[in-house]
Each structure stands twice: as C-alpha cells, then as structure tokens.
Amino acid sequence: MIEIHDITKVFQEKIALEKVTFDIPKGMVFGIIGPNGAGKTTLIRILNQILIPNDGFVKYNGTLLNEAHVRSFGYLPEERGLYREMRVMDQLVFLGELRGLSRKEAGDKAMKWLQKFEVQDWAKKRIDSLSKGMAQKIQFISSVLHDPEVIILDEPLSGFDPLNINLILNEIEAFKNAGKSVIFSTHNMDSVDSICDEVALIHAGKLIAKDRVANLRSQHKNGDFKIRFRGNVIAFANALWTSFEIIESKEIGDDLREAVIRRRGNETFNDVYNQLSSALELTLIEEKLPGMQDVFVKVIQEHNQHEE
Amino acid sequence: MYLLKLFKNTTNMKNSLIIARREFMERWNNRSFRFMLFLGPLLLLAVIYLLIISGNQGKSNLNVLIVDPTGLFEEKIVSHPSESITYYFYQDYVELEAFRDEKKFRTYDAMIEINEKVLINKKVFLFYRETPNVQLKMKLKFEVERRVEEVMIEQFTNLGIEDFRKIKQPLNVDFRDVNDPLNQSENEIAWVGYSLGYLMIFFLGIFGTNITRSINREKANRVSEVILASAKAHELMFGKILGILWASLLQLFFWIFIIALGLWVFEYFIFSETLGLGHLEGVQVSDQGLSQFGQSNPMMNYNTQMDLFFHRINYAFLIPNFMLFFLGTYWVYSSFFTVIGAMSGDESDGQQFVIPIWILFGVSIFAGYNAVQYPDAALTQFFTFFPWTAGMVAMVKITAGVTVVSYLFLLLSWLIMVLVGAVLLYFAGRIFKNGILSFGHKLTFKLLLKWLKI
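Protein chains in written order, with numbering that gives the first Met the number 0: chain A, 0 to 307; chain B, 0 to 453.
Cut-off 20 Å, straight-line C-alpha distance, at most; resulting in silico cross-link-like pairs (EDC-like, lysine to aspartate or glutamate):
1. K123/A to E25/B
2. K124/A to E25/B
3. K449/B to D54/A
4. K13/B to E66/A
5. K449/B to E12/A
6. K225/A to D254/A
7. K13/B to E104/A
8. K205/A to D54/A
9. K445/B to E12/A
10. K103/A to D146/A
11. K225/A to D253/A
12. K103/B to E129/B
Source of the hints: derived by calculation from the structure; they are not laboratory data.
With the hints as extra help, turn the sequences into a complete structure.
What follows is the structure in structure tokens.
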C-alpha cells in the first residue's frame, strides 16, 4: 500500500500540491484524476522520486518511500520518448538495467514481451525506423519490463493510437488480476469508468474527493432510472404518477420503449418497480448512475462553491 | 558533497556507469565517430606531409655552372662533392641570354655568377631554370658562402681557415634563469607543450559541445523523464559526462598514437634524407660551425624540432601528466557544458550559450602562448591557478621542464581545478535537476537563478 501524507510541492511561488493525503490500496487500479494543471503529474513525479516534496512524505508498505521501492515501480510518463537512434533491444536492455535487471535478464524479458506483442522482428530495428504506434508499444514494454509491483501510468491513453490503448487496457487488467497495483492518471473520464476501482480527484493542487468509483457515482446520482417496457406510453406516464418525471422516452422496437425517469423525492428502486409493474410489462429497470465525467464536473463545482 | 552523494552507494555508481556506457556506445555506433578516429589524425599527418614536401618541391639534383671569369674560386668549392649538387666551373663571362638560350649551357640547371666585386659587395647572383627546393637553395648558399669566406681569408689575412673560424665565432650570450641555471626549461620544448595544450582544448571543444547536444537531444526526444524514473538527475548527469569522456579519451588515444606513429614513419622512412643531416654531406664544418649554420637555417631548425620531438621529450613524465590535466580540465569545463544543455529551451539556445565557453578556450590558448613567452610573468602565475587555463599552462610548463617545487605548484593548481570543478558540478547538478524536464521555455538569467535556488 502507498500512503501519501500531507504532500506539498511549491514551484517558485506557485503551489502545485497542497497537503495532499490519501492511501492507494494494493492490488487495484487506482485513478488520479483531475483537470489539466491540477497537480497529477507533480504527484506522480513525487511518487517516482523525480521530484522531492517541500513538505510531507510517502510510505510504501509501511516504510518511507526509498530508491529501492521506486526501482520496483514501473513508470510510463506523460512526456515519453525513446532514444531515436538506438535499436529496440538495446533500448529495452538499457532501461531494464537501470531498473536493476542484469543485461541477460533484461534481454530475456524484453524478448518475451516482444514475442507477447508479436513484434520480435523489431528487436534489431532502430527506434527512428518505427512508426509512432510501434514506438508506443516499445515505450510501454520499457515501463513494465522489470515486472514491477506498482505500475504508474501518467495519461497512458493520450497520444496512443486506439489499438495500443486497447492493448494497454488489457495489460492493466492483467496486472490487476496478477495482484499488482496500477496507478493511473488521466483527465479522460470515460476511461476511469471502465478501468479504475478507486480514484482520487485532485483540483488546483488539492485533494477534493477520494473513493471507490462505484461509491462516487452512487453518491452523486440524480435519482435516474432506465426503464424498458412494453405497453402504452400514457399508461406508463400515469403509473409514474407525481413521484417521477420522464426525462426521455423513445421507441426501440415493436411495442418496446425505453425511458429515463428521475425521482422527485426519495423514491427507491423498489418504489419504481411497485409503481410500474402493475401497469406495464417491464423488461428492465436499472438505476442510472452518473458517469465519472458528470461526477467530476459536479464535485469540482461543489468544491468551487464551497471555496467561494 | 556532490561526489559523496554520488558514490554513497553502488546503485548510484552502477546507474552512472550504465548511462555512461550508453553514451559511449552511441558514439561508437556512429560511423562518423569511428571514421574520425582514423581520419582526423591521418588528415593532420597529411597536412604535416604537405608542409614538409612543400619545402622539398622543385629540382632535387642540380648541375650548377659557376661562372668565375677572374678565377677567384680556383675551381674549388667543396672537398667532398655531394650527389645532389654537381659544380662545373667556367672561367669566362657568360651573358644571361646566352646561358638561357644556348645549347651548350642547357645541361646546367643553374648559374652562379662570381664577379670580381664579390669580395667587396658580398653579392652573388644565382640564375636558375627551375626553382630548386629549399634544401638545395640553403645548401648552395652555404657552400658558396663558405668558399667566398676561404678566398677572403687567403687574400686579406695571414690566418689559417680553422683559426679564422675560431675567431669568427660570434659571442653567444646564453640567457638563463637564475632558478634554472642548467636551462632545463627550454622554449622550443615549451611549444610542444603548447601544442599538446591546444590539442587538449580542441578535444574539450568537440566533446564538451557533445555533452550539451546530448542533453538537448534527450530533452527533444522526451526521454529524460523515462530515465529519471530509474536514475537520479545527478547520476544521469555524471553518466553522461563520464560516457562522453570515455569517447573523448578513445579518440585522443587514437590521435596521439596514429600521429606519433606517422611522425616516426616520416622521420625514418619517408623523409629520412630530408630530416637527417644528409644534405650537409661533403661540407667540412666543425661542430660549432654546424650548430651556427643550423641557427640560421630553417630546414635545420625543422630537423631540430623533429629531434626534439623524438629524443628530447620525456614522454614517461609528459603523458601521465597530460592525462591528469586533461581530466582536470574536462572536469571543470564539463560542468559548464552540462549547465548550458540543462538550461536550454531548445538547441539554438545551447549554441548561443556555448559562446562564453569558446571565449574561455581563447583565453586558455592565450595563456599557453603567454606561458611559453613569459614563463615567470605574474599573468602566467595567475593563469597557472585559474582553473580554466591551468591545464594549458601546466602542459607548457611540464613539457619545458619543471623543478620539484614548481611541479608541486602545478599539482596544487590541479587540485584547485578538481575542487572548483566539483563545486561547479554541484551547481550544475541543481540546474540539471530542474532544467532537464523543461523544454521549449525561454531561457533567462532569472530562470537560471530560480533553478539554482530550488
């Protein structure tokens, strides 16, 4: 587990992070989310000891974060690149050695990864002869070559082509299943919904929310339900009575409709079922939770209002 | 401080070595680098070769007609005729046009006109069809001059030739340093030291800018942060400096070896005649006369320099000291090049900010010249201890010869260089740490100060 305690980082007079404190549990995909310039990259650089905080400290598995810990991390920075004139294998071996592998180990592991991605033929190619997408794969391999316990990916989905994004998402899933921790920074909320188990939302250098994704979505739900039914629309509207309002309604098949309703009070899922089941043939009732994009906007708005 | 931090554990050193190896291999894998290992010194040897043969151009064997209507030379000129010049005497007047056009004179390459006034006005004309080379010119001049001298001795004195030449010896006022009465320190050897210092600056210039360029390229490639996730900024910086030093030393070794080998081949195989004393064959001169002759003869001077280069320099002492001061000077300058690379917003920034370093190189070259000409001047003493010029001055002094005390002073200057270099590298490290992740910014002095403070 990674514990972040009261981290403050100031660049000249600009506060990049202010007393940020939270834990990152082991074995999950953890998202550090926030708008551009929120301080995500600064925090990630601190986790990698590229930057030293002005105040606060980080603990890894109960001890203060040290160089040995960081060597067991994998890191794909947002500003990423490779030595263009080096050959693929030389590059991977070089970066593997810097992560503490022997030359032979680094070479063996690099070849395994190249084979896994079915690109072993590239081993002797120079980076500058690869396409951007090809180089991205090598970049990703270089960050996980040493079989890290913690993988830190800073904006991994920006700049990568869709095929490589898919590849990265699959690997993130595989790392998680192998019990490793994945720390994932992004401002792209769509990916957070599908990947992250838990997130910390940073805004203007401050932590403004931290919870499991499901909890955050639930906490910020609007009381919307998605209903799919067969029957008359008027009967549907009448059945809702005054407790719900219809947000949208559309026909999706022969005599099959889908609607989104929003509760007016504290009605529950059971209330919806009870009110509709007697009047209509229901095929689906689903509580509609907000996406992380909506949660993100809402949390920041609430925070800004609170600050004012 | 910085070094202690760097070497506090083996991981630090290991990372720096891994980075250094990559830097070295990057250069080694570059075809032009490998090419220059050989091409550079070979080009330099080619220049030396051209310089030597430019003095050897023209005819190398001459048939010389001495037109001596008054019989002043009595058909004598040298006791042992040489292979390169054959003299023929003609005791009548020959018009220049006749010599130039008439068939009977065509076999002669040159004509020396000895007129009756030669003993008064000391003027002799030599007309040639094709320019003789420098050696032959000097030899002709020397042999005719000696014969005129003999004739004058016979006509105007009662002295024998040997006695006259003893008297003729000019007073040799030999300037010697009171602290160096045996004249161990020699000006001409000092120039060899100056050349070595120059070579040192040349290599520092090439490889120092390599440091700057390498940092800029890492920034442009956006690979810096990937490395910094695995290695500390100071490890990256030191590894870079070390790797480029290895490449620089390799190049230096190749240059020194190939140039030394080439000069040896020149002396013993290609220009053995030219650079030996063979061209004075047949001239009976005393040792003193020979050395006197040498003082006024550029070819002889060149020969002296070759002799100096091959026989009079203590390489066993010079080479280790060259390496020592090369490392010290590289250490001092590398921090500058690192800072420029780290603080550059783009590559053109780097080029612009290298100018102050080139100025320092210029000062260093001046310091070397000053040390040769005025070894004990106050300015030279200052340059001895000024870290950016100390290497150059040390080369001049060490090659010229040093006493134990003055050598200890040079070691002290080396120590100052290393300490100043360490302090500069400490600050360079601070700037590097902050600057390495910055690219595309506008470089200002204010920003530099801020990076120093963080």
